[in-house]
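Whole structure, please, built from the sequences with the hints as guidance.
Number of protein chains: 2
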Amino acid sequence: MNKVYVVGLGPGGAQGMTAAARTALEQADVICGYTVYLDLVAPLFPGKEMRSTPMTKEVDRCRMALELAAGGRTSALVCSGDAGVYGMASPLLELAGEYPDVEVEVIPGVTAALAGAAVLGAPLGHDFCIVSLSDLLTPWKVIEKRLRAAVAGDFILCLYNPASRHRKDHLRRACEILLDAGLSPDTACGWVRNIGREGQTSQLLTLARLRDAQVDMFTTVFVGSTRTKIQDGRLLTPRGYRA
Amino acid sequence: MNKVYVVGLGPGGAQGMTAAARTALEQADVICGYTVYLDLVAPLFPGKEMRSTPMTKEVDRCRMALELAAGGRTSALVCSGDAGVYGMASPLLELAGEYPDVEVEVIPGVTAALAGAAVLGAPLGHDFCIVSLSDLLTPWKVIEKRLRAAVAGDFILCLYNPASRHRKDHLRRACEILLDAGLSPDTACGWVRNIGREGQTSQLLTLARLRDAQVDMFTTVFVGSTRTKIQDGRLLTPRGYRA
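Sequence lines, in order, name chains A and B. Note that this note's numbering has the first sequence beginning at 5, numbered continuously upward. Note that this note's numbering has the second sequence beginning at 5, numbered continuously upward.
Honestly, the hints are just simulated from the structure, not real lab data. Any given hint might turn out to be false.
It does not matter which identical chain is used: a pair holds within one copy or between any two.
As the list claims (entries may be wrong) - Okay, derived cross-link-like pairs now, BS3-like style, lysine-lysine, Cα gap no bigger than 30 Å in a straight line:
#1 K61 / K233
#2 K149 / K233
#3 K145 / K52
#4 K52 / K172
#5 K61 / K172
This one's a predicted model, so the numbers in the text were calculated from it and none came from an experiment.
In C-alpha cells:
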C-alpha cells in the first residue's frame, strides 16, 4: 500500500504525542519534515530514516513525502501541534490528486491554542477564534478584518505567529486594532512561550500591557472575551454553569 | 501532594489519547467523569476506582474531584476531546480557589474540531472560529452575533453541539443566519459523526444542503471560508503556499 501519514506531533516531546501519532511514525519507512521537528522525534525512533527540507520549502516537503509513497515506501510528514491548523495537511492534500495511487491519512495533534490554554488555565472555555499574525501568505488587511470581526463577535482570540525576526511589531499593531475596535484595555490576556518544551514561560496581563509585550515566533497569545477573567493566577473563561 | 488532573481524552479510544493523558490517569487514585467517558478509559485501567455523576451535574463532578484531592487522594477528571474547549477545566478552575492546598494540572487533548478536520481533509488550514450551537448556557442572540461575525471575518467555522433531542433545528437556524449574512449557498461544508469511534460517518456538501442535513449531538460541522473547496473528495482550505 502506498501511504503518506501527515502527523501532528503536539506541543513538545513524546508526552504531547497521541498514541495514533506514535503508531504512524512507527509504521513509516521514512519520516519527512522541517529539521526542528525531526530533531523532536529522532530520539524516539533510532535508526529510522529522516529527510528534511529548509523551513520555507513546504511544498517541496509535501512532494518529497508523496514521491516516497508513490515509490512504494510508507512516509510520514511531521508538523508541530496539529497537522491541519496552519500545518502540512492542507498543502499536501492540494498535491495529492497528482498521486492517485497514494493514500493519505491525517493524524491530528494538540495545537498550540489548546496546549497554551492548559498552561494558563482555561481561557478557551467558550467560543473562540484562531488568527495567525503572519502576513507572509495573508495580506495584513485580511488579518485586520478578522481581528475586528473577533471583537464584534466577542470571541476569545488566540494569536499564532505574533512575531518573527522580520515582523517585530505585529502584536503591537494587532493590539492597537483590537483597542480601536472597542476592546477594553483591561481585557484579560496571556501568552505562553515554548509550550511543553525546555524554557516554557508564560504571563498573564491586560490588553494594554500586552501591546508592549516582547514575544517571538515560539509564543502563543490569548486575548480574552468580555467574560474572560484572571482568577487565582489563572486565565479563565467561564462556561456559565454557575450563572 | 494534593492534586487534580483535568484530562482531555481526545476523540475516541486509546489511540486518540496523548502520552501525558495516559500518564496522568495512571497516577490518579480515582478517575471522575461522566459515565460515557469513564466507559472509554475503564478498559485501559482495570481495577482503578471510577466515580461518575449524571451528565448535567458538571459542577458536582468538579467538586468531587477537588474534594478527593483535598482528602489526600490524587484524582483525575476526564472529558472527551480537549480539557479546556467547552470542557471541565474552566468550571473546575473556577472552584479551585476554595481548595488552596490542591494543585490543578490541565492536560490538553485533541478537540473534535481537529479530529473531525483530519477525517474530512484539511478544512482548518487557515484562520477559524469554533462556535457551540447549544443555547443551554448561552443566549441564542449571542450565538447569532458570533455566526454573523464569523461571516464578516471570512473565517472557517466549526460548529459544536449542532443539535440535541430538544434542539433539533439549531443547525438549520444557524445555516439560515449564515446565508442571510451573505455566505454563498455554494460554500464548501462538511460534517463528521462519532469521530474516532465505532460508526464514524462523514459527508461533504454545500451550505445549501447542510441546512437540511440530519445531525445529532455527536456530530461536528464545518463551514468553509470563501477559500475552502472540495477537491478529490476532501474539504480543503489552502494555506496559500502555491499562490
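Hints and how they fare:
1. K61 / K233: between (41 Å within a copy, 23 Å between copies)
2. K149 / K233: Both. Shortest intra-copy (25 Å) and inter-copy (21 Å) distances satisfy the 30 Å Cα cut-off.
3. K145 / K52: Neither. Shortest intra-copy (44 Å) and inter-copy (54 Å) distances fail the 30 Å Cα cut-off.
4. K52 / K172: The answer is neither: 38 Å in one copy and 50 Å across copies each exceed 30 Å.
5. K61 / K172: The answer is within: 23 Å in one copy meets 30 Å, while 46 Å across copies does not.
Hint violations for this structure: numbers 3 and 4, all remaining hints satisfied.
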